[in-house]
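K.L.:
Which chain is which? The protein sequence lines are A and B, in order.
Under the numbering used here, the very last position in the first sequence is 699; numbers go up by exactly one each time.
Under the numbering used here, the very last position in the second sequence is 229; numbers go up by exactly one each time.
Hints are computed from structural coordinates only; laboratory data are not their basis.
Careful: at least some of the hints might be erroneous.
To be verified - When the alpha-carbon atoms are kept at most 30 Å apart in a straight line, the in silico DSBU-like pairs for lysine-lysine are as follows:
#1 LYS83(A) x LYS71(A)
#2 LYS49(B) x LYS504(A)
#3 LYS488(A) x LYS151(B)
#4 LYS446(A) x LYS72(B)
#5 LYS462(A) x LYS72(B)
#6 LYS488(A) x LYS72(B)
#7 LYS207(B) x LYS487(A)
#8 LYS49(B) x LYS424(A)
#9 LYS59(B) x LYS480(A)
#10 LYS49(B) x LYS421(A)
#11 LYS310(A) x LYS275(A)
#12 LYS424(A) x LYS59(B)
#13 LYS508(A) x LYS49(B)
#14 LYS49(B) x LYS507(A)
#15 LYS487(A) x LYS216(B)
#16 LYS392(A) x LYS49(B)
#17 LYS49(B) x LYS511(A)
#18 LYS487(A) x LYS229(B)
#19 LYS59(B) x LYS488(A)
Stated by the list, open to error - Ranges between beta-carbon positions, derived for each pair:
#20 GLY75(B) x GLY552(A): 53 to 63 Å
#21 GLY61(B) x GLU303(A): 47 to 57 Å
#22 GLY75(B) x ASP616(A): 54 to 64 Å
#23 ARG154(B) x GLU483(A): 36 to 46 Å
#24 GLU483(A) x ARG182(B): 42 to 52 Å
Said to hold, decoys possible - Sample of chain B residues lacking proximity to chain A, with all beta carbon distances greater than 10 Å (derived):
#25 LYS59
#26 ASN63
#27 GLN81
#28 GLU89
#29 MET104
#30 ALA116
#31 ASP126
#32 HIS157
#33 MET175
#34 LYS199
#35 LYS210
#36 LYS229
These numbers were taken from a predicted model, which means no experiment stands behind them.
Even glycine gets a Cβ: it sits at the ideal position worked out from N, Cα and C.
Listed here are the chains, written in short residue letters.
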Amino acid sequence: MARVGVFVCFCGANIADYVDVPQVVEEVKRIKEVKFATEYKYMCSDPGQGMIRDAIIQYKLTSIVVAACSPRMHEKTFRKALSDAGMNPYLLEVANIREHSSWVHQKDKKAATNKAMDLCRMAVAKSIANEQLHEISVPVTKRALVIGGGIAGIQAALDIADARIPVVLVEKSPSIGGKMAQLDETFPTLDCAQCILTPKMVDVASHPYIELIPYAEVLELQGFVGNYKVKIKKKASYVNFKTCTGCGACWQKCPVKVPNEYNMGIDKRKAIYTPFPQAVPNKPVIDAENCTMLTKGKCGICKKVCLPGAIDYEMQDEIIEREIGAVVVATGYDMWDPTPYEEYGVGRFKDIITSLEFERMVSANGPTNGVPQRPSDGKVPKNVVFIKCVGSRDEAKGIEYCSKICCMYTTKHTILLHHKVHDSHAYVFYMDIRAAGKGYEEFVKKAQVDTGTTYLRGRVSKIYKKGDKLMVRGEDAQIGQVVEVEADLVVLATAVSAPKDNPELARLLGISYDKYGYLSEAHPKLRPVETAKAGIFLAGCTQAPKDIPETVSQASACAAKVCGLFSGDTMKKDPMVSTINNEYCSGCQNCVKVCPYGAIITDEVPVGHGIKDLRTVAKINEGVCQGCGSCVAICRSMAITLAGFTDPQIINEIVSI
Amino acid sequence: MITLGSQGKNTFLEDVNLKSGANVLECYQCGKCVGTCPVSQYMDFPPREIMQMVKLGLRNECYMANSHWFCLTCSACSGRCPREIDIPAVMEAVRHLAIDENYINDSKKVKEIRKFHEIFLDMIKRYGRNYELRMMAEFNIRTRNLFKDMHLAPKALLKGKIPLGVKPLKSAKAIKRMFAIAEKLEKNK
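Please put together the full structure from these sequences, using the hints given.
P.N.:
Below is the structure:
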């Protein structure tokens, strides 16, 4: 006969203030299988666990019920206490009398106590039918997939590869580098972005443990932590990278000119192109949408001039499959499109540009050789107005959140403007200056005091044209008056927004995303790099806007998580998985349809009774099964059992109240 | 409404910085000076706004403010300023520039304050020190408010706060000479 021990926790005052704990203890003692019941202030503390360990031995208990907080909180703690006393840890039941009773019924102490007693009775009834279970070992494929080749993906890939774990790095554009490759200098130290990024890009290309797959996209991810299978579509580049020497003859001769994405469309690139001189891999690709040979079958110049014969107009998209154990998602961000700001004349006035366009203009390798120019007449601007929070913190036209980096990059822009055009003056319209970071506030002071940037506190209300100048009108709340600035150039600090492909990617990977399209972390404070799906991690702006130091930190954190996951040859997994009784299974395969994890496949077994024919039955991959119980509910012949939640256990619970 | 960006270099800021020895650009508009200043509520632009007006180069608006006339140069503001800006020096610089360029707020209050300053300096010039009784009498006569604060006189007299006579300082002559030099410099400017 079962001998149950019940331990009721006060949780300080969290439970005891609203639930009469001694009464609960008295009530459970009346159940005949309960051989021992007690209460304690903090059951999770070491003395509390000690009480459990001692009682198991003293009263020869066969199952344990702890009535305390949510099992998500301390189930593992108490399971360990059971193991320490030599008991199978899965003989534990947790009755959640905190989240499910005391916290939600604070106004009615009597009802809370009654509910706590019910929960305890149910847990005791279930525990009577508990069985010994054992952890499952699952093999691990020690290879990581990194999606996105910006600074986040690069850092994560390098850190994982340095631990001698193979990495597959997938980048959708022809070169890695991401947004950081477009930056001129970085705040607050004014390091040259190229100088600190390109060596890392080269490291990625030459690292023996990194397989770089540029110009590619992830199509499909199947499997489970430690055992994923990924399908990657490698877009046709129409250039054989193996034979191409990167000489550049092709793009020099290509007659087709299209706006250059790398320079934010300020200048033109060719239809066959390398995105920028320091690109990795430094091999050109053909832009199939604009190449006249691929669209109309006319031209073919690049093929004629290519001495190694690397151009192949017949190249097709290629599907690559890899087995991997973990995924790091680092898809970065998009710049928010400021078109809704009609009052600023976005689209009407040429001399209004976005911050990334300004970044390209002041960049030494940019389209204007590092000197900003007015798009309208090419003149060097003297008075430049920077407008912050364009899209950010604007519920009507933009996004609710603060994009976090604009304050600092705008500060940087005013300093860079002063470096490039000495007699210029920068005006910044702002709502707040958010300079929380190492050396950030000092950087703002540098702009205000040394550079003489004028900060005007207020959102710009409108911009209109006066001659060849732009009149920028807004309030300066610091003096409580309306000001108008005569500007040669206006730079909009446009918001950071989630990559538009994120929702699709999230569905494909089976992870969640928030209302803005950012991928969701498992816990905002304590699990900021994990997703809710085991083995998938997040790095960089794909989770939320952040600057380069934070992005790199998060990427390295992902690498640490991946290395931790791959530290053993097998992974331990909870034994709460479904099993199928082949004798009952009719092979209807309804369970295959409802399984959200793709854990159920079909199998052929002999019909039996001396008949040699085979019949179809369901088969569960216990490595994939997450123990959700959907298959149990759908099974018409009651052939499926979920360990830890068997029919006798559930029925006992129901009968007990 | 104020238009910026058309006037070129901010010469006002340069003038104020040069004259005060402070760097007004250091001001980050926290407003601690305004909270500290015992007379900020009487100013039409409290010290923080004066600082911003200097930063924006609003010369005339700044000159016409009464703030630099109300400033007592008590230095409580600069004592508490987190950027350690000598705000009274900035106020004084604005006051001097305003007098030099003849832009003076002509409100009754400012006129009285200026008269007070003039009489005070006159006392120093005469005696090398302040002569309270005469100072009060002259101020009341020149502001045509004979009985102003008269009710306080008996109590103050009894406590010895208003001596009936004045004993000129030994160095009064030297102070007179200083005034003469200063006046000469002023004329030659």
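K.L.:
So, for every hint listed, does it hold in this structure?
P.N.:
Each hint tested on the structure:
no.	hint	in the structure
1	LYS83(A) x LYS71(A)	holds, 19 Å
2	LYS49(B) x LYS504(A)	holds, 25 Å
3	LYS488(A) x LYS151(B)	violated, 41 Å
4	LYS446(A) x LYS72(B)	holds, 27 Å
5	LYS462(A) x LYS72(B)	violated, 36 Å
6	LYS488(A) x LYS72(B)	holds, 21 Å
7	LYS207(B) x LYS487(A)	violated, 53 Å
8	LYS49(B) x LYS424(A)	holds, 11 Å
9	LYS59(B) x LYS480(A)	violated, 35 Å
10	LYS49(B) x LYS421(A)	holds, 20 Å
11	LYS310(A) x LYS275(A)	holds, 28 Å
12	LYS424(A) x LYS59(B)	holds, 28 Å
13	LYS508(A) x LYS49(B)	holds, 21 Å
14	LYS49(B) x LYS507(A)	holds, 23 Å
15	LYS487(A) x LYS216(B)	violated, 46 Å
16	LYS392(A) x LYS49(B)	holds, 26 Å
17	LYS49(B) x LYS511(A)	holds, 18 Å
18	LYS487(A) x LYS229(B)	violated, 37 Å
19	LYS59(B) x LYS488(A)	holds, 23 Å
20	GLY75(B) x GLY552(A): 53 to 63 Å	holds, 56 Å
21	GLY61(B) x GLU303(A): 47 to 57 Å	holds, 52 Å
22	GLY75(B) x ASP616(A): 54 to 64 Å	holds, 60 Å
23	ARG154(B) x GLU483(A): 36 to 46 Å	holds, 41 Å
24	GLU483(A) x ARG182(B): 42 to 52 Å	holds, 51 Å
25	LYS59	holds, 18 Å
26	ASN63	violated, 7 Å
27	GLN81	holds, 15 Å
28	GLU89	violated, 5 Å
29	MET104	holds, 14 Å
30	ALA116	holds, 21 Å
31	ASP126	holds, 15 Å
32	HIS157	holds, 27 Å
33	MET175	holds, 36 Å
34	LYS199	holds, 44 Å
35	LYS210	holds, 47 Å
36	LYS229	holds, 29 Å
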